[in-house]
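Novice: Given the coordinates of chain V, assemble chains H, Z and Y onto it according to the supplied hints.
There are 4 protein chains.
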Amino acid sequence: MSCTEKHRDGYIPDLGIRTDLAVEAREEVEKHRQGEIPGLETDTEQDDGITINRVHIKNREASMQLGKPPGKYVTLEAPELKDKNVRVEDRLSVWLSREVEQVAELKDREDVSVMVVGLGNWNVTPDSLGPKVVEDLLVTRHVFELKQEKGMFSNGFRSVSAFSPGVMGLTGIETGEIIQSIAARVKPDLVIAVDALAAHRLERMHTTVQITNTGVIPGSGVQNRRLGITEETIGVPVIAVGVPTVVEASTIVGGAMEAIVRSYQEEKGESAPLGVLGNFNWNEKQELIREVLVPFNEDRLMVTPKEIDDFADNISQVIAGGLNTALHPKMSENGGGKYLQ
Amino acid sequence: MSCTEKHRDGYIPDLGIRTDLAVEAREEVEKHRQGEIPGLETDTEQDDGITINRVHIKNREASMQLGKPPGKYVTLEAPELKDKNVRVEDRLSVWLSREVEQVAELKDREDVSVMVVGLGNWNVTPDSLGPKVVEDLLVTRHVFELKQEKGMFSNGFRSVSAFSPGVMGLTGIETGEIIQSIAARVKPDLVIAVDALAAHRLERMHTTVQITNTGVIPGSGVQNRRLGITEETIGVPVIAVGVPTVVEASTIVGGAMEAIVRSYQEEKGESAPLGVLGNFNWNEKQELIREVLVPFNEDRLMVTPKEIDDFADNISQVIAGGLNTALHPKMSENGGGKYLQ
Amino acid sequence: MSCTEKHRDGYIPDLGIRTDLAVEAREEVEKHRQGEIPGLETDTEQDDGITINRVHIKNREASMQLGKPPGKYVTLEAPELKDKNVRVEDRLSVWLSREVEQVAELKDREDVSVMVVGLGNWNVTPDSLGPKVVEDLLVTRHVFELKQEKGMFSNGFRSVSAFSPGVMGLTGIETGEIIQSIAARVKPDLVIAVDALAAHRLERMHTTVQITNTGVIPGSGVQNRRLGITEETIGVPVIAVGVPTVVEASTIVGGAMEAIVRSYQEEKGESAPLGVLGNFNWNEKQELIREVLVPFNEDRLMVTPKEIDDFADNISQVIAGGLNTALHPKMSENGGGKYLQ
Amino acid sequence: MSCTEKHRDGYIPDLGIRTDLAVEAREEVEKHRQGEIPGLETDTEQDDGITINRVHIKNREASMQLGKPPGKYVTLEAPELKDKNVRVEDRLSVWLSREVEQVAELKDREDVSVMVVGLGNWNVTPDSLGPKVVEDLLVTRHVFELKQEKGMFSNGFRSVSAFSPGVMGLTGIETGEIIQSIAARVKPDLVIAVDALAAHRLERMHTTVQITNTGVIPGSGVQNRRLGITEETIGVPVIAVGVPTVVEASTIVGGAMEAIVRSYQEEKGESAPLGVLGNFNWNEKQELIREVLVPFNEDRLMVTPKEIDDFADNISQVIAGGLNTALHPKMSENGGGKYLQ
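Protein chains in written order, with my numbering: chain V, 6 to 346; chain H, 6 to 346; chain Z, 6 to 346; chain Y, 6 to 346.
In isolation and in its complexed conformation, chain V is listed as follows (with noise of 0.2 angstroms):
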């Protein structure tokens, strides 16, 4: 199995587990491992009610443990954004557009162009993050090409384009293949993609942002795309930005099995046989995976909650804010949102 194929679909490979986060990766990895994993280095910072989590991968085998391209992840964790915490929104805004500076190398660069993807589906609530992004963000790109109304945005602006390319359902083209070809003709320096991303934990549904410079590698986001948007298939460095917005059901499926397993020992001790609880491996627990979710591909339901809405509303608000000020030097002084059309 390729390196490339291991990554394909965002899978942890020795754990059948489904994540798109590198943070949860690791987690998951270090439940099952004793020591740490070479290759690795991480970094966790506290700031009122946020967390920064850091993960660097720097080699192949790091990469093969964690099912993740080498490169780097920085993880925001606000759990209080469930609880439309106005205080921990702009905090986070913050943190997001110094974390994009920081990965997309943006200090002092003023005269970088970048192009804006909002990727998914915006027919479908859980999936329409980029495209409700994108809506959000200042657009400049034609202003600077037409130049007449350049004196508008002299100082502190950056040529910014943006474009939500559908899914490949509606428009019968790979998403890929629309982003390199429109890439090609507007020549930015830096491509950022907006996602919604799957978690393997309920709680970092809306709560979590994941900045990476890795780009998006194949089968993750929700709609698990085909063609990875990257600096090699693009030509210019990508830097994703996810948030989760579900769940795989056959996350929430496996988890189940495990806690009726873990019900069964605390009970008889963990020591006490198992039975076929015990012996069961991978294969069979996907497979019963499998046949509680016939009659659809274990990887076509999703898990988000009822108020999807408000949750999704929030924080495309602050994502949008974020970028708003980490590509526009100059809105700083206003606060990002401020420029939302």
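Hints were generated in silico from the structure; no laboratory data involved. One should not assume that every hint holds.
Said to hold, decoys possible - DEER-style ranges, computed between Cβ atoms: (1) Z:Glu208 to Y:Arg231: 22 to 30 angstroms; (2) H:Glu271 to V:Glu110: 36 to 44 angstroms; (3) Z:Glu208 to Y:Ala189: 52 to 60 angstroms; (4) Y:Asn288 to Z:Glu46: 43 to 51 angstroms; (5) V:Glu35 to H:Pro43: 56 to 64 angstroms; (6) Z:Glu208 to H:Asp88: 50 to 58 angstroms; (7) V:Glu115 to Z:Glu115: 45 to 53 angstroms; (8) Z:Glu115 to V:Pro84: 52 to 60 angstroms.
Glycine included, every Cβ here is placed at the ideal spot set by N, Cα and C.
Specialist: The following block gives chains H, Z and Y in isolation, referenced to the frame of chain V:
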């Protein structure tokens, strides 16, 4: 526990199973008992890819068993809807029209005025069925009221009004209160409530329509609304037309737990000592389910297919077409869909 | 012709001019008469790019002259809104909050419960202001009712409900009837109706907000609704907040006719015989306007900028922010926009 | 002035009239000249409430006169569309399908792959025709590419892709550039561009469809886009399908001016001295129009009916149905609308 309380939230009382479909309640109850349920009349028909199932709950006992109020429940099941089979869509629309006419006793009563209510949250794809259907109905009440253009609808049309009351999180007002007050003013002879439902079985999502003369009971629907929309609360007969678009996450989790027990039994033989699994009672199971779904309340998470947009568009057009023909006999000449706005 | 009839459709009776803005009615009337209008009190203030104009129609005579019911009308004009001037947007939001508080007499009355109504058709961009604003309000009534989460909003929040009743073509029901019946149920102390208006002058589109305690009179707004939404019809005070988003095509056509006459006079001298143009009376002009606009009724066509989406988004956020702060004093600490859903 | 420049912005050069419809250009030009226009071939047919008008601009001279590039223009006019006449809608859909097949030379060429482009701004109701139509098309390219489900579309279906590129104000990228780059990748044999147009006469709004093999020329459409979408720029034949949904405000203003002159002449007799009015030349008129429309540029205001949502929905469904049948011959068996997503 009063009968009404038992009916709260669509649970089958003795099984702890949540479904808004009478046909599923019956299926599940029959699995666990021997002999017929007294006071339950059922009838099944097949037509060209569609199964028509009629359940008549005739007394209190059957009502208690199935966890649904007494009344008529017609289910139309069309598994081929998933393949975008146009012929099946057309047939389903015709069957829907026919059964609505029957259940609502509309035949030869052209002077019946109807108010259609699209329940649910238009911002959440799986909950948007009601508002989507309302958008595609031929609304005529204002023409009848103003009379000036009445000529347009001389024969074969009924006075129809329609609106979508939103959900409490959007308006701050109980949906039921909004409907009650508007009904008191508009004074329709009949209310039809269109709603997205929760099923017990995944294969019923987007392939099944339920028509009932019991209205919408508290706790049913995707949003688990609090106040019923029934003849009792509104003052005129209420027909509910619903399509399951989600399965509750707790249902899937429960299913996973059962699957693992079944798998254990299959290996060990049915009579093998199950230990914790065998003694596993309803309450323990509920508690374990709640644990798996933390930090969400067990009824706040839904499972739904990723292609929800496609399915939702198809079935809402089928329903709008069927309702248009049922409400405006003239429209059956052209096919109800043709008048879609 | 009764006074009410005179008020129908926002016309200034003697001039045949259609405007929903009192400030324009006054401007136009003053152009054609000498001396002050008795019973009219006016007051103008400037602040940082915003002109605050207060018109108080105190008696029947002034009401007849201006074609508007007696009451207070505050206009906030901010021409720089067109340039997306963030500072002006912020100031306007603050002024709006302050003037709504004043006109609605909300000061120090935290127990006043408010129902906000978003008038207009969400499917027609220039008529979608009301529904757009409603989407961005902080709705709290259900929390107050249920009490369970009341702690969330202990001090500094009012009980606010909000909905968009749609338009008659969509529902078959008069908008006013829907509002009356829901108000009778919800029993708010105050209704605020947000609406898209028609202006007389193009430069006022999307740069002007009018706040009035007269409610919404019949025939005003983009859709020229039939039934008033006033203290008389609803039973509690009604504040209307409106933004002109269109000019009626008949206004433009009339303006073009006047321009050509003026141009004729400029060449020939004011005293030159105008022939048909000089004798041109109100009725002839109306007839000619109707002719130019065939096959549409002269009040069924609107003129609006092609960039309507941008303007509409901006101003609706300004208004939602201002209303949030006026209704929830606590929110002024963070800026009302921050609680936008 | 080069020919291309002449074509800019849909103006008929000698008359200062803006229309995207060849049939109107011809009408207006013929009013002002005697004898036929050399190089212009026309043909009219009537069918059941629909007028089919074919204009063939065969040489440079006719092109200069009409302000449209050489090519075929078919107009389908159906005034009864306004009354929601279902029979006329059906007929129009059939005619559209037939004429698209003809103009695009699709007959017996099932292997032609087609890319449909929905031009315009989805946030502005009168400009949303293209995106609306794209939403209702049967998209198949991905199925053909992946082959796996090809069986679904064995015979009678073509490979169709479709997307809506947005407008420059939303993306920062010229619409034409987006289309060029995606076309270079997707390599369709034919592009069909669907667009909202500007008419000269009010009665043509929403009752007329134009099909042309000249593509979309710069300056046409509601948004007056800068870059053409033509065989020259895209590299494969481009068919444009358009519906006028607006009249420019400057057209209405010009019409009002002409009406008043006509009225003057009628009273005084045609030979009466018109003074300024008679000598009124093109430039003066343009200047006066600009004055009336201040502070907007004369091409930034549109006139459109208040019921635009109803009209837009109807006609976009008619066009989607017609295109579906033209592109997928198999679908004519069921009626193209039936496959609407």
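Novice: With 22 to 30 angstroms as the target window, see if Glu208 (chain Z) and Arg231 (chain Y) comply at their CB atoms.
Specialist: holds, 26 angstroms
Novice: Assuming the hint says 52 to 60 angstroms, is it satisfied by the Cβ distance from Glu208 (chain Z) to Ala189 (chain Y) or not?
Specialist: violated, 44 angstroms
Novice: Given the range 45 to 53 angstroms, decide if the beta-carbon distance of Glu115 (chain V) to Glu115 (chain Z) lies inside it.
Specialist: Since Glu115 (chain V) and Glu115 (chain Z) have Cβ atoms about 47 angstroms apart, the given range 45 to 53 angstroms holds.
Novice: For Glu208 (chain Z) and Asp88 (chain H), compare the CB-CB distance with the range 50 to 58 angstroms and indicate the outcome.
Specialist: holds, 56 angstroms
Novice: Is it true that Glu35 (chain V) and Pro43 (chain H) lie within 56 to 64 angstroms of each other by Cβ?
Specialist: holds, 58 angstroms
Novice: Can you tell me whether the CB distance of Asn288 (chain Y) to Glu46 (chain Z) sits inside 43 to 51 angstroms?
Specialist: holds, 47 angstroms
Novice: For the hint 52 to 60 angstroms, verify it against the beta carbon of Glu115 (chain Z) and that of Pro84 (chain V).
Specialist: violated, 31 angstroms
Novice: Honestly, do Glu271 (chain H) and Glu110 (chain V) meet the 36 to 44 angstroms range at C-beta?
Specialist: violated, 57 angstroms
When each numbered hint is compared with the structure, violations occur for hints 2, 3, 8.
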